[in-house]
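Trainee: If you want the building blocks of each chain, they are given just below.
Protein chains: 2
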Amino acid sequence: MMKRVAIGVDIGGTNTAIGVVDPEGNVMVKNSIATPAHGNIEQYISDLAQAINELMESVKLLNNDLEFLGIGIGAPNGNYYSGTIEYAPNLSFKGVVHLIELLRNHFPKMEALALTNDANAAAIGEMVYGGAKDMKNFVMYTLGTGVGSGLVVNGDLVYGHDGFAGECGHTMLIPGGRRCGCGALGHLEAYCSASGMKRTAFELIVQYNATDSLLANKSYNELDAKMIYDAAVKGDKIALEVFEKTGAWLGQGLADTVHYLSPEAIFLFGGPTAAGDFIFKPTKENMEKHLLPIFKEKIKILPSKLKPGDAAIVGASALVWKELDK
Amino acid sequence: MMKRVAIGVDIGGTNTAIGVVDPEGNVMVKNSIATPAHGNIEQYISDLAQAINELMESVKLLNNDLEFLGIGIGAPNGNYYSGTIEYAPNLSFKGVVHLIELLRNHFPKMEALALTNDANAAAIGEMVYGGAKDMKNFVMYTLGTGVGSGLVVNGDLVYGHDGFAGECGHTMLIPGGRRCGCGALGHLEAYCSASGMKRTAFELIVQYNATDSLLANKSYNELDAKMIYDAAVKGDKIALEVFEKTGAWLGQGLADTVHYLSPEAIFLFGGPTAAGDFIFKPTKENMEKHLLPIFKEKIKILPSKLKPGDAAIVGASALVWKELDK
Chain A
14 MMKRVAIGVD
24 IGGTNTAIGV
34 VDPEGNVMVK
44 NSIATPAHGN
54 IEQYISDLAQ
64 AINELMESVK
74 LLNNDLEFLG
84 IGIGAPNGNY
94 YSGTIEYAPN
104 LSFKGVVHLI
114 ELLRNHFPKM
124 EALALTNDAN
134 AAAIGEMVYG
144 GAKDMKNFVM
154 YTLGTGVGSG
164 LVVNGDLVYG
174 HDGFAGECGH
184 TMLIPGGRRC
194 GCGALGHLEA
204 YCSASGMKRT
214 AFELIVQYNA
224 TDSLLANKSY
234 NELDAKMIYD
244 AAVKGDKIAL
254 EVFEKTGAWL
264 GQGLADTVHY
274 LSPEAIFLFG
284 GPTAAGDFIF
294 KPTKENMEKH
304 LLPIFKEKIK
314 ILPSKLKPGD
324 AAIVGASALV
334 WKELDK
Chain B
14 MMKRVAIGVD
24 IGGTNTAIGV
34 VDPEGNVMVK
44 NSIATPAHGN
54 IEQYISDLAQ
64 AINELMESVK
74 LLNNDLEFLG
84 IGIGAPNGNY
94 YSGTIEYAPN
104 LSFKGVVHLI
114 ELLRNHFPKM
124 EALALTNDAN
134 AAAIGEMVYG
144 GAKDMKNFVM
154 YTLGTGVGSG
164 LVVNGDLVYG
174 HDGFAGECGH
184 TMLIPGGRRC
194 GCGALGHLEA
204 YCSASGMKRT
214 AFELIVQYNA
224 TDSLLANKSY
234 NELDAKMIYD
244 AAVKGDKIAL
254 EVFEKTGAWL
264 GQGLADTVHY
274 LSPEAIFLFG
284 GPTAAGDFIF
294 KPTKENMEKH
304 LLPIFKEKIK
314 ILPSKLKPGD
324 AAIVGASALV
334 WKELDK
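Here the protein sequences come in this chain order: A and B.
Whatever position you read off the first sequence (first residue = 1), add 13 for the numbering used here.
Whatever position you read off the second sequence (first residue = 1), add 13 for the numbering used here.
Chain A on its own, in the form it takes in the complex (with noise of 0.2 Å):
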């Protein structure tokens, strides 16, 4: 019997990967191609479409009774509706890439092309194949360089009008406080992201003068979550510290999140994470402390079942899986 796979692309700023995934969520085979700075849409797509045709030949090697399904991507600025890559400050086509739309030139018999941010696919992924299989309202939360979120209410994901919602790394989280990616100042990414902790950890050792603490010998560009870990799992007080007011930061803005959408879980997924009760004990305390009467002890805060390495293709991959199931 034919085994139906979904196809998953995920466009970063330096790197796109492609995947074969199957029904449970593995990848069956990858690969990955420059994702060029030469900003010409239409050479890039011509290249992708290749890659995309050489991965299925050579997973049809491996199991030739294959089905594919469709292509999900997932890519910054990636808008479902219009199927278009708009003004993504971190890739070289400028303006709106119309991206579905070249891409179906190239697959004009696939079933499904779809195309979202990879917070959203994040959040689709986890729907279809972790954590949140039973789940009809939830959110999802991507902690990296950024923060990303993919919001799903009734069983859909969130797109808002525009097709842009889910952008709440980019909420007030303190008034006037620390520069954003994105220029403003206090969002909730420029706190609660992997760099966000960075900057934490560097705030406290100026605050308490740390000569002494182990993460004082790095230097800002060296410095990163895993090293803030595993000072922390050595008793380092600076380091115990920036997860501490990092969960405190959290916690404060997944109450807003449970306060807006009464989620059934608010999953958590990126590097930080791996921190486990260092991360997801702090914020679970302080988002407690700032919920409403009726939501207190409801909500659960869970570290995604996504495999770190392949949750981007596979994130992207259950959008096909998602469009099939309209």
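Be a bit skeptical, because a hint or two may be false.
Chain copies aren't distinguished; within one or between two, either way the pair holds.
Simulated pairs of lysine to aspartate or glutamate, EDC-like, Cα-Cα distance not exceeding 16 Å [what the hints assert, rightly or not]:
no. : residue 1 : residue 2
1   : Lys-309   : Glu-99
2   : Lys-149   : Asp-169
3   : Lys-311   : Glu-99
4   : Lys-311   : Glu-298
5   : Lys-149   : Asp-175
6   : Lys-311   : Asp-175
7   : Lys-313   : Glu-298
Please keep in mind that the hints were generated in silico from the structure rather than gathered at the bench.
Please arrange chain B on chain A, whose structure you already have, making use of the hints.
Mentor: Here is chain B on its own, set in the frame of chain A:
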């Protein structure tokens, strides 16, 4: 031909208003009973049922060809899913009250019986009868003693997992700021409600020692949003600054709402909106200032089209049409 009508019930802290509403959202007849302090829910439901029956009889005298499709109820902490009112701080009924179940005993043949909170009812009212008839994604903010909100995504009210979504009045505006009615510090409601405006007025009077302000002749318990508006019209500097500050705060909060949900429009309802440009202009300007580039100049801030006096009844009745749509 039979005219199909819906009954709307608005349960407030002191009064319960009941109306028969036509398909255009006009109240044909209305009445009210006291929301009792005795805490006996069965007695209250029996009294409410009698009042509804009397109102149906009275409207039949005007038009004998009416079909009563259902009863929609707006109540504080009203839970759509369970038909219960849960721990409403301003009502005498304790714990979880099975309102719909109890009312069903009195109206076994009525097609639709549904309950939600007042802000959600207002949002559905806007969608069924008001300015959001053609919208699938919008948000309603009700500015009164508190701040309520109703979120509409893909044409449906967002109830969330528990039925209590849309508590945007209780999201964080200024960490560590003013005490909110719920006990927390810094919520949007403490700044952007009608009573928040009064607090702002007194804060400014104190700040400037503004003995010459028209508002300096009113006690804290006397002053209301209407007086602030009247003073602003006369050019009172304190009153004008109250609107500027309220708009700045509300604009910040609405930008967060846009980043969450990407709505087509945000509707404002309630006393303070009667001030027109005094409140809409600074709100719009400040929202724009906080929006990510992809959202700028796209989101409308509109006054609700529901008539102030009848809005609660009309909104509640809209629940009935929404139920029958399913």
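Trainee: Indicate, hint by hint, whether the structure satisfies it.
Mentor: Results for each hint:
1. Lys-309 to Glu-99: between (39 Å within a copy, 14 Å between copies)
2. Lys-149 to Asp-169: both (7 Å within a copy, 14 Å between copies)
3. Lys-311 to Glu-99: between (37 Å within a copy, 15 Å between copies)
4. Lys-311 to Glu-298: within (13 Å within a copy, 37 Å between copies)
5. Lys-149 to Asp-175: between (22 Å within a copy, 11 Å between copies)
6. Lys-311 to Asp-175: between (31 Å within a copy, 9 Å between copies)
7. Lys-313 to Glu-298: Cα proximity of Lys-313 and Glu-298: one copy only (11 Å, versus 37 Å across).
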